[in-house]
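Build out the structure end to end from the sequences listed, making use of the hints.
Below are the chains, spelled out letter by letter.
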Amino acid sequence: MYRIALQMLMGDRGKYFGIVMGLTFASLIMTQQPAIFLGLMARSYSFISDLPLPDVWVMDEKVQFVDDIKPLQDTELYRVRGVAGVDWAMPLYKGLLKARLANGMFQTCIVVGLDDATLTGGPALMLEGRLEDLRRSDGVIVDTDGAREKLAKPPATPGGKPVPLKVGDTLELNDHRAVVVGIAKVTRTFQSQPVVYTTYSRATRFAPRERKLLSFVLVKAQPGVAPQELTRRIRQATGLAAYTREQFQKITIDYFLKNTGIPINFGISVTLGFIVGAAIAGQTFYNFTQENLRHFGVLKAMGASNGTLLKMILLQAAVVGSIGYGLGVGLTSVFGYAMRHSILAFKFPWQLLLFSGAGITLICMFAALLSIVKVIRLEPAIVFKS
Amino acid sequence: MQEPAVLCRAVAKTYDTGETQVPALRGVDLEVHPGELLMLVGPSGCGKTTLISIIAGILDQDAGSCRVFGRDFLHMNTREKLEYRARNIGFVFQAFNLLPPLTALENVAVPLIINGAARRTALGRAQEILERVGLGERSRSLPAQLSGGQQQRVAIARALVHNPRLVVCDEPTSSLDHETGHKVMELMREIAMAHDRSLVIVTHDPRIFAFADRIARMDDGHIDSVTTNGVP
Chain G
1 MYRIALQMLM
11 GDRGKYFGIV
21 MGLTFASLIM
31 TQQPAIFLGL
41 MARSYSFISD
51 LPLPDVWVMD
61 EKVQFVDDIK
71 PLQDTELYRV
81 RGVAGVDWAM
91 PLYKGLLKAR
101 LANGMFQTCI
111 VVGLDDATLT
121 GGPALMLEGR
131 LEDLRRSDGV
141 IVDTDGAREK
151 LAKPPATPGG
161 KPVPLKVGDT
171 LELNDHRAVV
181 VGIAKVTRTF
191 QSQPVVYTTY
201 SRATRFAPRE
211 RKLLSFVLVK
221 AQPGVAPQEL
231 TRRIRQATGL
241 AAYTREQFQK
251 ITIDYFLKNT
261 GIPINFGISV
271 TLGFIVGAAI
281 AGQTFYNFTQ
291 ENLRHFGVLK
301 AMGASNGTLL
311 KMILLQAAVV
321 GSIGYGLGVG
331 LTSVFGYAMR
341 HSILAFKFPW
351 QLLLFSGAGI
361 TLICMFAALL
371 SIVKVIRLEP
381 AIVFKS
Chain L
1 MQEPAVLCRA
11 VAKTYDTGET
21 QVPALRGVDL
31 EVHPGELLML
41 VGPSGCGKTT
51 LISIIAGILD
61 QDAGSCRVFG
71 RDFLHMNTRE
81 KLEYRARNIG
91 FVFQAFNLLP
101 PLTALENVAV
111 PLIINGAARR
121 TALGRAQEIL
131 ERVGLGERSR
141 SLPAQLSGGQ
151 QQRVAIARAL
161 VHNPRLVVCD
171 EPTSSLDHET
181 GHKVMELMRE
191 IAMAHDRSLV
201 IVTHDPRIFA
211 FADRIARMDD
221 GHIDSVTTNG
231 VP
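As you go down the protein sequences, you meet chains G and L in turn. Per the working numbering, the very first residue in the first sequence carries number 1; after that it's consecutive. Per the working numbering, the very first residue in the second sequence carries number 1; after that it's consecutive.
Derived by calculation from the structure, the hints in this document are not laboratory data. Given the structure is predicted, the values throughout are model-derived calculations rather than measurements. Ideal Cβ placement from N, Cα and C applies to all residues, glycine included. It is possible that part of the hints are untrue.
[Unchecked claim] Where chain G lies over chain L, by a calculated footprint (3+ residues, C-beta under 8 Å):
(1) 31-44
(2) 53-59
(3) 79-90
[To be verified] Part of the chain G face toward chain L, derived, beta carbon under 8 Å:
(4) ALA5
(5) GLN7
(6) MET8
(7) GLN290
(8) ARG294
(9) LEU299
(10) ALA304
Take a look at the structure:
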């Protein structure tokens, strides 16, 4: 009977493709939009996740998220280093400085100042040059996306492509000369601003003069000391806020979720995708059943039980659901792959597959339920009506 | 004496349309004997289709009894009713009611599959019966690729494939031209009537009355007369 169910389903090509397309659309929207949303959210904490070395981040207790810099006095570094359980603690500067471009325009950059001695907190992947090159005079390392896009030099000929910044080029950062000594790969930030790495002392020289310039203290826990425990000790000893990497990421995400319209906007997209997909697939599937009602009646008259017909409809729903889901997820994957080098944020974890799978299952169950009710209530005597 | 294939006594059925109640059968008494072809004739709305629906067990009567091979569907639970119907009754419909995406062979095999037969066995048996109705060559054709007469022959093959003891037919020739209708009825008598099988045929078509053993004339929800007919 299952084979007959599939033949009935696929016999009407138009309806079959209609149902599959509806579910594909729903699946696409329910995976692609959340993937972009997750990508954006991941970018909000990319600065934290790109720094795997420190166990604990120390900052002013009023800091709400990673870009909310409330500088500390440099002396706080030594207080942190004095806390029991701290293996090492390094300063980190993070600030927004303006770079003057060759065409006279200004571009805001995220400038990261690393501990002069150890260069702790530097980019993990160097594409050109070496991290140690930062010790050269006025040396800076620029992220590859920034070098190719926002910090690129004007095209050699009018209408041509901008020329990416390369090692040896110079920049003007807040009226200070900076020389590019390396190109690094870093995760794009939320606002997709170029990231410029330099030493802590140079970064504080580039930055406008302020009494406090230390953004974060990066801390490594001694072996055997749990980061959670260390955060408690640092808070107790210094009065500063101290978070593990995961805690700091969560605080940052929570800030964006609570204080921006991003979740609502994406939530609406996903909900609309679900509703439209459910409407198209549900309606088409229902119409399909409605048009096959006489045939279901014939099967019922010949002795097919409601249970058998229910299983046939569930199988039909499962088949179109699986195909639509697969196509939708496939299209999302192709989309993500095609956009991997673009500015578009995209993150597709396995949990998203479960989420969209649950959504498609719901739509299919809804569509099948409408049809099942109709078929179960069907009087087999309908077969004698001409 | 042999038990009747169908024995209806004082069968009544009323349709409730919400605002009004429409009596369809008002105490029908009817017997159909094994090996008999009985035609139910009468004007539209006289209750013919309601009666064969009750005989076939796809509609419950409100009152009276209708025993098919000694058992009343009204006293069976849903599962028993389905199984009894699947094993003992074949259907031929006015509009053929073949499943469009299935080939003639697959359509004919459906009752066997419903009865739990393996697909291969069912298709083998379906091919045999299709050959008997003269459509062995067209077994791979879809219903849309067959003429009306051919479709009805497929429907007859489907009604007989599981060897039911009773076949109910609703206007089997009304969608066919005279010649094709005649051939279909010849086929019914030749193949369907074998093995003491009984046929109840609802028809408006006086051209096929000659094929009946008996003709029951219905009017306004009851049987007016039952006459014996000669077989051509």
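Okay, the hints, checked on the actual structure:
1. Coverage of the segment 31-44 of chain L by chain G is violated in this model, with 0 residues showing a Cβ closer than 8 Å to a Cβ of that chain against a need of three.
2. Check result for the segment 53-59 of chain L against chain G: holds, 4 residues qualifying (beta carbon to beta carbon below 8 Å, three or more required).
3. For a cut-off of 8 Å, the count of residues in the segment 79-90 of chain L with a CB near a CB of chain G stands at 6, and the three-residue condition holds.
4. Taking 8 Å as the C-beta contact cut-off toward chain L, the hint placing G:ALA5 at the interface is violated, the least distance being around 10 Å.
5. Checking G:GLN7 against chain L by beta carbon gives a least distance of about 5 Å; that is within 8 Å, so the hint holds.
6. Interface restraint check: G:MET8 against chain L, minimum CB-CB distance 6 Å, threshold 8 Å, status holds.
7. Interface restraint check: G:GLN290 against chain L, minimum CB-CB distance 15 Å, threshold 8 Å, status violated.
8. The beta carbon of G:ARG294 is positioned within 8 Å of a beta carbon in chain L (closest approach about 6 Å), and the interface hint is therefore held.
9. Satisfaction of the interface hint for G:LEU299 is found here, the shortest Cβ-Cβ separation to chain L being roughly 7 Å, below the 8 Å cut-off.
10. At its closest, the beta carbon of G:ALA304 sits 5 Å from a beta carbon of chain L; the interface hint therefore holds under the 8 Å criterion.
Figure legend: structure checked against the earlier numbered hints; hints not met, in rising order: 1, 4 and 7.
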